[in-house]
Every structure is written in C-alpha cells, then in structure tokens.
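Below, each chain spelled out in residue letters.
Protein chains: 10
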Amino acid sequence: MKYGEKNISKATLEKWDNPHPERDYTIEISFSEFTCLCPRSGYPDFATIKVNYVPDKYIVELKSLKLYLNKFRNQHISHESAANQIFNDLKKSLKPRHLEVIGDFNPRGNVKTVIRVSL
Amino acid sequence: MKYGEKNISKATLEKWDNPHPERDYTIEISFSEFTCLCPRSGYPDFATIKVNYVPDKYIVELKSLKLYLNKFRNQHISHESAANQIFNDLKKSLKPRHLEVIGDFNPRGNVKTVIRVSL
Amino acid sequence: MKYGEKNISKATLEKWDNPHPERDYTIEISFSEFTCLCPRSGYPDFATIKVNYVPDKYIVELKSLKLYLNKFRNQHISHESAANQIFNDLKKSLKPRHLEVIGDFNPRGNVKTVIRVSL
Amino acid sequence: MKYGEKNISKATLEKWDNPHPERDYTIEISFSEFTCLCPRSGYPDFATIKVNYVPDKYIVELKSLKLYLNKFRNQHISHESAANQIFNDLKKSLKPRHLEVIGDFNPRGNVKTVIRVSL
Amino acid sequence: MKYGEKNISKATLEKWDNPHPERDYTIEISFSEFTCLCPRSGYPDFATIKVNYVPDKYIVELKSLKLYLNKFRNQHISHESAANQIFNDLKKSLKPRHLEVIGDFNPRGNVKTVIRVSL
Amino acid sequence: MKYGEKNISKATLEKWDNPHPERDYTIEISFSEFTCLCPRSGYPDFATIKVNYVPDKYIVELKSLKLYLNKFRNQHISHESAANQIFNDLKKSLKPRHLEVIGDFNPRGNVKTVIRVSL
Amino acid sequence: MKYGEKNISKATLEKWDNPHPERDYTIEISFSEFTCLCPRSGYPDFATIKVNYVPDKYIVELKSLKLYLNKFRNQHISHESAANQIFNDLKKSLKPRHLEVIGDFNPRGNVKTVIRVSL
Amino acid sequence: MKYGEKNISKATLEKWDNPHPERDYTIEISFSEFTCLCPRSGYPDFATIKVNYVPDKYIVELKSLKLYLNKFRNQHISHESAANQIFNDLKKSLKPRHLEVIGDFNPRGNVKTVIRVSL
Amino acid sequence: MKYGEKNISKATLEKWDNPHPERDYTIEISFSEFTCLCPRSGYPDFATIKVNYVPDKYIVELKSLKLYLNKFRNQHISHESAANQIFNDLKKSLKPRHLEVIGDFNPRGNVKTVIRVSL
Amino acid sequence: MKYGEKNISKATLEKWDNPHPERDYTIEISFSEFTCLCPRSGYPDFATIKVNYVPDKYIVELKSLKLYLNKFRNQHISHESAANQIFNDLKKSLKPRHLEVIGDFNPRGNVKTVIRVSL
Numbered sequence: 001m002k003y004g005e006k007n008i009s010k011a012t013l014e015k016w017d018n019p020h021p022e023r024d025y026t027i028e029i030s031f032s033e034f035t036c037l038c039p040r041s042g043y044p045d046f047a048t049i050k051v052n053y054v055p056d057k058y059i060v061e062l063k064s065l066k067l068y069l070n071k072f073r074n075q076h077i078s079h080e081s082a083a084n085q086i087f088n089d090l091k092k093s094l095k096p097r098h099l100e101v102i103g104d105f106n107p108r109g110n111v112k113t114v115i116r117v118s119l
Numbered sequence: 001m002k003y004g005e006k007n008i009s010k011a012t013l014e015k016w017d018n019p020h021p022e023r024d025y026t027i028e029i030s031f032s033e034f035t036c037l038c039p040r041s042g043y044p045d046f047a048t049i050k051v052n053y054v055p056d057k058y059i060v061e062l063k064s065l066k067l068y069l070n071k072f073r074n075q076h077i078s079h080e081s082a083a084n085q086i087f088n089d090l091k092k093s094l095k096p097r098h099l100e101v102i103g104d105f106n107p108r109g110n111v112k113t114v115i116r117v118s119l
Numbered sequence: 001m002k003y004g005e006k007n008i009s010k011a012t013l014e015k016w017d018n019p020h021p022e023r024d025y026t027i028e029i030s031f032s033e034f035t036c037l038c039p040r041s042g043y044p045d046f047a048t049i050k051v052n053y054v055p056d057k058y059i060v061e062l063k064s065l066k067l068y069l070n071k072f073r074n075q076h077i078s079h080e081s082a083a084n085q086i087f088n089d090l091k092k093s094l095k096p097r098h099l100e101v102i103g104d105f106n107p108r109g110n111v112k113t114v115i116r117v118s119l
Numbered sequence: 001m002k003y004g005e006k007n008i009s010k011a012t013l014e015k016w017d018n019p020h021p022e023r024d025y026t027i028e029i030s031f032s033e034f035t036c037l038c039p040r041s042g043y044p045d046f047a048t049i050k051v052n053y054v055p056d057k058y059i060v061e062l063k064s065l066k067l068y069l070n071k072f073r074n075q076h077i078s079h080e081s082a083a084n085q086i087f088n089d090l091k092k093s094l095k096p097r098h099l100e101v102i103g104d105f106n107p108r109g110n111v112k113t114v115i116r117v118s119l
Numbered sequence: 001m002k003y004g005e006k007n008i009s010k011a012t013l014e015k016w017d018n019p020h021p022e023r024d025y026t027i028e029i030s031f032s033e034f035t036c037l038c039p040r041s042g043y044p045d046f047a048t049i050k051v052n053y054v055p056d057k058y059i060v061e062l063k064s065l066k067l068y069l070n071k072f073r074n075q076h077i078s079h080e081s082a083a084n085q086i087f088n089d090l091k092k093s094l095k096p097r098h099l100e101v102i103g104d105f106n107p108r109g110n111v112k113t114v115i116r117v118s119l
Numbered sequence: 001m002k003y004g005e006k007n008i009s010k011a012t013l014e015k016w017d018n019p020h021p022e023r024d025y026t027i028e029i030s031f032s033e034f035t036c037l038c039p040r041s042g043y044p045d046f047a048t049i050k051v052n053y054v055p056d057k058y059i060v061e062l063k064s065l066k067l068y069l070n071k072f073r074n075q076h077i078s079h080e081s082a083a084n085q086i087f088n089d090l091k092k093s094l095k096p097r098h099l100e101v102i103g104d105f106n107p108r109g110n111v112k113t114v115i116r117v118s119l
Numbered sequence: 001m002k003y004g005e006k007n008i009s010k011a012t013l014e015k016w017d018n019p020h021p022e023r024d025y026t027i028e029i030s031f032s033e034f035t036c037l038c039p040r041s042g043y044p045d046f047a048t049i050k051v052n053y054v055p056d057k058y059i060v061e062l063k064s065l066k067l068y069l070n071k072f073r074n075q076h077i078s079h080e081s082a083a084n085q086i087f088n089d090l091k092k093s094l095k096p097r098h099l100e101v102i103g104d105f106n107p108r109g110n111v112k113t114v115i116r117v118s119l
Numbered sequence: 001m002k003y004g005e006k007n008i009s010k011a012t013l014e015k016w017d018n019p020h021p022e023r024d025y026t027i028e029i030s031f032s033e034f035t036c037l038c039p040r041s042g043y044p045d046f047a048t049i050k051v052n053y054v055p056d057k058y059i060v061e062l063k064s065l066k067l068y069l070n071k072f073r074n075q076h077i078s079h080e081s082a083a084n085q086i087f088n089d090l091k092k093s094l095k096p097r098h099l100e101v102i103g104d105f106n107p108r109g110n111v112k113t114v115i116r117v118s119l
Numbered sequence: 001m002k003y004g005e006k007n008i009s010k011a012t013l014e015k016w017d018n019p020h021p022e023r024d025y026t027i028e029i030s031f032s033e034f035t036c037l038c039p040r041s042g043y044p045d046f047a048t049i050k051v052n053y054v055p056d057k058y059i060v061e062l063k064s065l066k067l068y069l070n071k072f073r074n075q076h077i078s079h080e081s082a083a084n085q086i087f088n089d090l091k092k093s094l095k096p097r098h099l100e101v102i103g104d105f106n107p108r109g110n111v112k113t114v115i116r117v118s119l
Numbered sequence: 001m002k003y004g005e006k007n008i009s010k011a012t013l014e015k016w017d018n019p020h021p022e023r024d025y026t027i028e029i030s031f032s033e034f035t036c037l038c039p040r041s042g043y044p045d046f047a048t049i050k051v052n053y054v055p056d057k058y059i060v061e062l063k064s065l066k067l068y069l070n071k072f073r074n075q076h077i078s079h080e081s082a083a084n085q086i087f088n089d090l091k092k093s094l095k096p097r098h099l100e101v102i103g104d105f106n107p108r109g110n111v112k113t114v115i116r117v118s119l
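Protein chains in written order, with the numbering used here: chain A, 1 to 119; chain B, 1 to 119; chain C, 1 to 119; chain D, 1 to 119; chain E, 1 to 119; chain F, 1 to 119; chain G, 1 to 119; chain H, 1 to 119; chain I, 1 to 119; chain J, 1 to 119.
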C-alpha cells in the first residue's frame, strides 16, 4: 500500500537571487512547527523540518518557505511522503548545488521517526 | 554457553510500498519501550531499539513494528540475540538497501550494554 | 531580488603578527551578541558569529573584531550577506591559510537559519 | 619511574559462545563504578570503564566482567596501567575482531584524565 | 605587534616511563583552572587547557603538569602564545608520537576564543 | 478589543469514576501538541497544555481529553482565552477539588507567553 | 466506569527494623523500570515509581520492593489505581510517619500523566 | 552618580480587554532579544526581559510590547533603570493586580546582573 | 533485621575555629566519591554525601572530612546507617547550630535511594 | 586554628545613587572568575561569587566590584573567610536593605564547598 500525496497547489516558494553565487556556502534552515494529518488515523502529526542546501542562482525567501510549510496543516500525508515532497519542491524551485531535507517527527504510538532525503 | 532464542512465531511485520523508490533516503526509527526477560536471571530487561534503514521496495508500517517489538515482552532472550533477531527479521521482510539495528539496554548490575548490528 | 549590502566604511580590523607562523594552528572565535536589522521588515536580527581560522602572517586583534561586528547594529543586511561580508573582510585583512565564518541566527517567524561560509 | 601493576590473580572473565559469529557487530559496555588506589598517594581513584568490541567466537559474560572490574578496588595501580591491563586481559580471553578500552577517570588535583587503548 | 612571552624558568615537567610503549594509546588530560594575565589590559584570563597525546617513551606526571600550569598565574601572555608555549614545552619534554594542546579561554569583551595546536 | 471565543460544541470530555475518592491525590497531565490559530494574524500557534487537579468524584478519560484538545486545531482563539476555556470546561465537567491549567505557548514574534489559571 | 484492580496476591514487601527510629529522617526511592498493562487497550504502560517516606519502626528491604513492583508487569491496571495500590500496600506494611508515592508514566497517545498520592 | 533615563516618548503599549477579569490568573511573558546601550561605555548591552502579571481590566497586546521593548535599542540606559522603567510603564498602562519585571542581562566585564522589580 | 554498624574507630574529624561565629551562615559540602560495601551482598555501593550546616564554634577541616569519609571504603554498612552515622559523628564533633546530611546512592538492582537526615 | 585574613587595603568599592530608592527591588550579581590562594596548601582556589541585594541609597558600580574581587587573586584566605569578608565590605559600603553573598568554590581534594552569608 502507498500513502496518498495530495496536491498542495497553492504552495509558492518565492526565490531571491543568491547574493554570493561565486562561492559554495551552506544555508541551514530549521522549522520546528510543522504539522500535518496522518493518512491512516486522521490524527495530527508534528515535526521539525530541516532544510540544508548550497545555493546556486537562488535562495529561498524565508517567509514564503514558512507559508509553504504551513499549507501541510490540513493535508493527510505520511512521514515519508512529506519529507520527499518538500525535497522535490525545493529542488525544482531552487536547483541548488546540494540539498538535504530532514523530517524529524514526534513519536506516534511511542515510535519516533526521522526521514532524511538528500541529493 | 549460548543464550536460547525462542520462536516469536506470531510476529508479523507489515510492509508498505516505498512511495519514493527512485532515490536513496534514510528512515530512522526509535522505540524506547522495549522490554524482554533475562535468560539467566529471569528478571526484566529494558532497552531502546533503534532501526535505521534505506528502503528499497518496502517500508515497514510503524504500528506493526511496535506490535512486533511488544511481543518480546515475555520472551527470555539475551541482549545480543534480541538485537540480532530484530535485524534478521527486518532484513528478511524489507530487503532494504541498508539496515542498522541498535539495542541500547538499561544497566544491569550497574553494567550498561549497547549492541549495534548493521549490513 | 537581492538584499542590499551597505558600506560599513569605518570598520577597521586590527591585525597583529602571528606569534607562531612556523606551524598551522587553529583559532576559533565566538561572538554571541551580533545584531543587525532585517532589510525587509526593518526589525532587529540577532546571531552568534563564529570565526575559525588558521593564521598565516597575522592574527586578528579581538577588541577590534568586536568593534567591527558591533558596527552592523544599525545596518540593514540579510543573513546571507552578513556572513559573506564578514568572511570577505576577514579574508582580505588576514589572508589566513584557512577561514570559516558561521552566522547562527535566532529564529525569525519561527524559522531558524545558519549560514556557513568557508575557503 | 614506572607504576607497579599488581597481579589480580583470581580475575576470571567468563566467556560465552557468540550467538551470531557469522557477522561483525559491536558490543559497547560501560561500567561507571570502577575504583582503585593511586600508587603514589594511596588515595582512591574512580573511573568509568568502557569496553567496545566486535566479538569473534566469544562474548564476555557481564556479571563476570563486573566481578573482574570490582577486583581492582584495593589494587594500587596507575590510570595508564589499569586501562592497558583491562585491555590485555580482555584481548587474551576473547580474542575479539576489534577491541577498545577507555578509562575515563575522575579529576585528581583538578586534573582529569582519559586513557584510550585500542587494537 | 607581537605579544611577549616571558620566561617561565622554573617550570619542570616531570616525566615517567611509559608502562606500555609497545602500543599506541591515547592519554587525554583536562585542566579547567588555568589562569594568566592579559598582556594588553593586565586583567586575568581563564581557560581550560586540554592535552591529548600518544606517549612514546615517557608519560607526564600529573602533579608536575598541574604545578607547571599553575606557574602561568602571574605571567602576562596572550591566548595564542600560552597554547603554543605549552605545546612546545610538552613536545620537548615528552617527544610524544602525537600531541595536541587546546586552550579554551573564557570570553573577554564577550568574545570567546579557543586555540588548537597539534603535530 | 477582546478576542473571540468560538464555540467548540462537539467537545465531549468523558469522565470516569475516581477509583480512590476517599483521599486527596493529584493527577498531572501534560499534552505537548496543542495547536490553534491566532485570532489576529491567522497563523498557527503551538503550546503545551498542562492540567493538574485533585479529583473528587470523577477523573477525566485521557483519550477524550486528547480529542477535546485536538478540536482547537482550526479555532481562532487567543492564548488567554484558550487557557481559560480549557479551565472552564474541565471545571464544569469534573468539579474537581483543585484545578490548575497552564498554557505554555511557543514564541510568537520572539515573545514567549505562559498562561496559568487555577482555583 | 472504574478500572479493575486485580489482586496481586503474592506481593510480599519485606520489612526490616529501622536502625534509627529515634529521629525523623527521609528515605527517597526511585524505580525507573515499572511496567504494567493498560486496562483499556491492553498495551504496555511504563513509569518511574518514586516512594518517599519517613520510617517509624520499619524500613522496606529494597530487593523485595523491586520484586513487588515487578509483579505488576502482566497486570491490567490504570495509572491512578497503580499509584494508589502501591501507596496502600506500603502504608499497611510499614506504617510510616510520612509516605508519598508518585507514578510518573510515559506518554500514551502523546499525553503524559503523573499521579501523586501522599498522607 | 545616577544613570540618565532618556525619554522614550513614542513607546505606546497597546492594551486589550482582559477576556476573563472574573478571576485571578497569571500571564508570563519572556522576550530574549532586548538590547540597549551602556550609559558609561556606550557599548551594547543584551538582556532577556521577563514580565509576569495578574491582569485586572487589561492585558498587554504582545506585538506592541515587542515594539515598545525594541525602542530601547539605541537608548543609553543602565540595567537598573531599564528594568524599573519597564515596570513603571507597564504598571501605569495596565494597572495590573500583580506585576513583576525581571531584566536578566548578559555578562559585562565577566559580571552578570539580574534586576527584579515587583509590586 | 537490623544492618550492622561497624566501629570506624580511627575516624578523626579535625575541627577549626569558626572565623565568624558572630553570625549564622551556611556551609554546604559535597563529596561525590563515597563508597562502602553492601552488608547483604558484599558488593560495593557508591554515593554522593552532602553535608550542610550552620557552624557554631567550629568548622570541619575539609581534608580530615575527606579522610573520614574514605574510611567507609571497606566497611559493610547499609545506606540508612551510613547517612545516620555520618550525621551523628558530625553533630558530636561540631555541635553545629544546624546540620543536614544527605546520602545520594547510585542505583542497586535498578533501585535508587536517597537518605536525608537533619536536625 | 583560624585562617588569617589579610588586609586588602586598596579595595575601593565605588557606589552610585540608587535610581529608584522609592521601592524595594533586587539586584543579583554573579562573578564566575574569582580566585584566591589556599592558606594551608598555597594552591589556587577558584569560585563563583554571587551577590544578591536590595539597595537602599546606593548601588555598587560593577567595574569597581570586579576590580575589588580581582584583588583576592594573590591573597591567602579560606573559603569561609573570603565569603564573610566580601559580605562585610559590601554591607559597610552599601548599607543595603538586604544582602546575601555566596561563595561557590570548585572542588578541592574532590570536596566541593559553598558558603552562604546573609543578613
């Protein structure tokens, strides 16, 4: 069985020009207030989402990233799919030189899960 | 002398399709409420079991993993055998690209033990 | 859009002779009271700035580094530009054998950011 | 000058068959209640002893390890010799594929010492 | 400008025979009560000094190391020079197979500095 | 201006008989996954809700308490009103001998707030 | 509805003479490996049990207390009843001058509960 | 000598109606990003400001409190005066039933200071 | 049954004149390296001993206190008796205005015990 | 025997006018870099000195307090005398409404001591 991934159509990640494309440097972002809904039980899930990347032409604007992540609030999506979808959306938008997305979820049924996706 | 490994016959690890088999990513699971019985003294043992893997075709369903781990509650099994058996059962069921199982046991007789098994 | 980087013209990083240029060794500096202004909202930003380097001919005098960092207090500058500008100024002044600058910023809108720039 | 290493003749480390010799896995043991006597001042010394190993044919039985370590209680032995002797005794008894012994001693005269011995 | 390094003439690091020269092993020493005087302001500086080494023929006797470090109490010496001088004195006395000296200084003017010197 | 308190009509706190009404004892409950919506900005708010009480005839069933608290997920309600409403609902349902409700909210705009309501 | 309290008939708390009945003093005991079964779901519950008392004629023998607490392992009993039953059994056996029993249970359904019973 | 207290004339603390004036309850606010200037050296000072109060007719709107505290950024004011002025302004605006203001300042010259003012 | 309390005959607590008998002040002493032997199993026990007192005419000399506590190393004595005996010996020697002795013992059989004795 | 208290004659605690003598408020000062010399062994002692007071007409100027405390650096003085002397000097200079001085000393011979003196 595969979890459904609903379309979060209005999610628009705003991108800005990288002010220093002449060198590789790392941007590490942490958002500790991610929440979505479990596709099986319907109960809320909570996570810290971490995004680590080396920008190429673009950097992500932080408020648009927050609003993008807030849109998962009423989506039914599994831990694995949420982390992979955020990875895909950031990769498509920013085309970074390196990218890692980590979904560090609160325990459910006393089982804690962390998903790590990277280029 | 070798510790006995009792058959935990009813343990059924449910597997789901990996929603993103096209890439390697890591799933880290931590279950802090593992308990079994010492094969020597008969007293309870307590551990945190950690499972880290890169899925191939399947991911483990978390509730079935919890129930599988709960089945050790009244088994007499050593630290070393418990970690290795969990490793073997997950490897056989999921055939993951990478797998590590860690059994982090509470002290017994003021001696603390951690067992790490990996591919 | 690109954040503006205002000229911090009076910033003078004082340099001293490295007392031990005959060997490579590492100097790690941490300044937990960096503050500047967000170029978008105008609100204050706060960060810990870390500078790790292997000196060549010169070491940075610590009080001048503090005064240099204090000059950002009323500058409107983004996280990414602040870290890169500090990196550029130190590189130009000290010409070190190795240099890393980390800007570890307090959360804004519940989003925490760390910028890492290195040779 | 060289610290004396008294013979702890009755120390018998019991060994059991490794239940899974078909693979390399790691056993990490920590014993936080080690105490011996300083060969110089005669005062008690305290340490945490850590043993990390990859077993070959044998694993150490934990209670016999505890009793073996308790035998140092009234021995006059230096930090360096204690860590090396435990290493030698375990290596000789278990013939492990890998072995590391760490003696993490409490401060003496406000000086803290850690000894690490490994294959 | 270069900080002055006063002669600490009476510093005598006592050395003992390494009880186990037949193998490489590591000795890690930490002394959290180092203090000297700032050569610029004259104010006291405080640090933790860490010495990590692989002994060859000799190990350092701990009490003599403490007394050696206590002799900096009324010396005017910079962070960089203190760490390098301790490194040089230990290297000359012990001729170890490996040596690292770390000076982890308390903040001055809210700037914290760590100096790392190694072979 | 006063924040609106929407009617959370379907909230049904299930109560069970207190198994030991013959004595005063304390039940402390902590729920770290409370979320609601800010009545001003519309953005999500997050909190840990703590309920401490001395039961009289009834104790609250924990799953019904969780479901009751989950109902705030899409309510627009202020920090102050949320804590007071939970207090009122528990007081009305359980008529406890003592009751304290604490809403420990995550920072908003870098301002952290804790609301404490008690009999 | 009231949780059932099964008879744990074989529980025998051994008592020893208080060596210092001439004064009030406090004995605080903490047992972090308590486990029982939820009377509703049948799933395991885990807790730390704390016993604080001022002895009169008797003190409890610690191994018998451990064995007594281990007997709850396969009992179906609620958080509230477990803490109250332990309180009653200790009160009856020791007749202490003061007694407090705390059951600090792991979260269930993300809800954490602590029960405090005292004279 | 007495530190000067400059007029922060534009500071307007917005007040809202207390939604539950019928009971005493406590609001605890913490703002970790307070900064002002030392009246003696001119250097920046940093503090966490805590405001704990029991509201009467009014509660303080949090964003206006943040903006009010941000206005100290370029004021020359001592630790003692800053804490007392915030206390006075909140007391005058809110007329609370109880009020405590704590200024927890970062070390200056390795001296850390906390100022506590309460009704 | 009552634990035996062996005579520690050579224990001599040295006392010095209180330099400030004109006022009440508190001296808090903590010794984290206490060890004795369990009177039941013969195994070593470990504890931190804390002594808090208000001196009258005398203060205890710290080195003599350390040597006094070291004398328990090979005594068979229970937790309860050790704490009470230390209390009695200090009370008799110092006749302090106030005295509290705490024995904070390491877990035995996974049961942790703290004994508090005070005037 | 009584420890000697040498005259620290040049110590001048500068006092400023209390900017808010109309109310009681508390000033808590912590200085983590106090050092003096043991009157018995001659070895250095280290402590954190805490000063908590309610000012009357005067507050202590922080830099003069730091310089005053630095003057103990080469004084031979016991823990008890140091705390009491600081208390006496501050009391005489500031005549505060309330005063507490705490000397929290690093362990010596593995014995840690805290001295608390208050009005």
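These are computed hints drawn from the structure, not numbers from a lab.
Note that the coordinates shown come from a computational prediction; the quantities given were computed from them, not determined experimentally.
Some hints could be false.
In silico lysine-lysine, DSSO-like type, Cα no more than 30 Å apart, as pairs [what the hints assert, rightly or not]:
(1) B:K71 - G:K66
(2) J:K15 - G:K50
(3) J:K66 - J:K92
(4) G:K112 - G:K66
(5) G:K15 - G:K92
(6) B:K71 - F:K112
(7) B:K57 - D:K63
(8) C:K66 - J:K92
Computed far set for chain I versus chain G, every beta-carbon distance over 10 Å [said to hold, decoys possible]:
(9) D24
(10) E28
(11) L37
(12) F46
(13) Y58
(14) E61
(15) L67
(16) H76
(17) E80
(18) R108
(19) G109
(20) V111
(21) R116
For each residue, glycine too, the CB sits at the ideal point set by N, CA and C.
If you test the structure against every hint from before, which numbers come out violated? 2, 6, 7, 8, 17, 18, 19, 20 and 21
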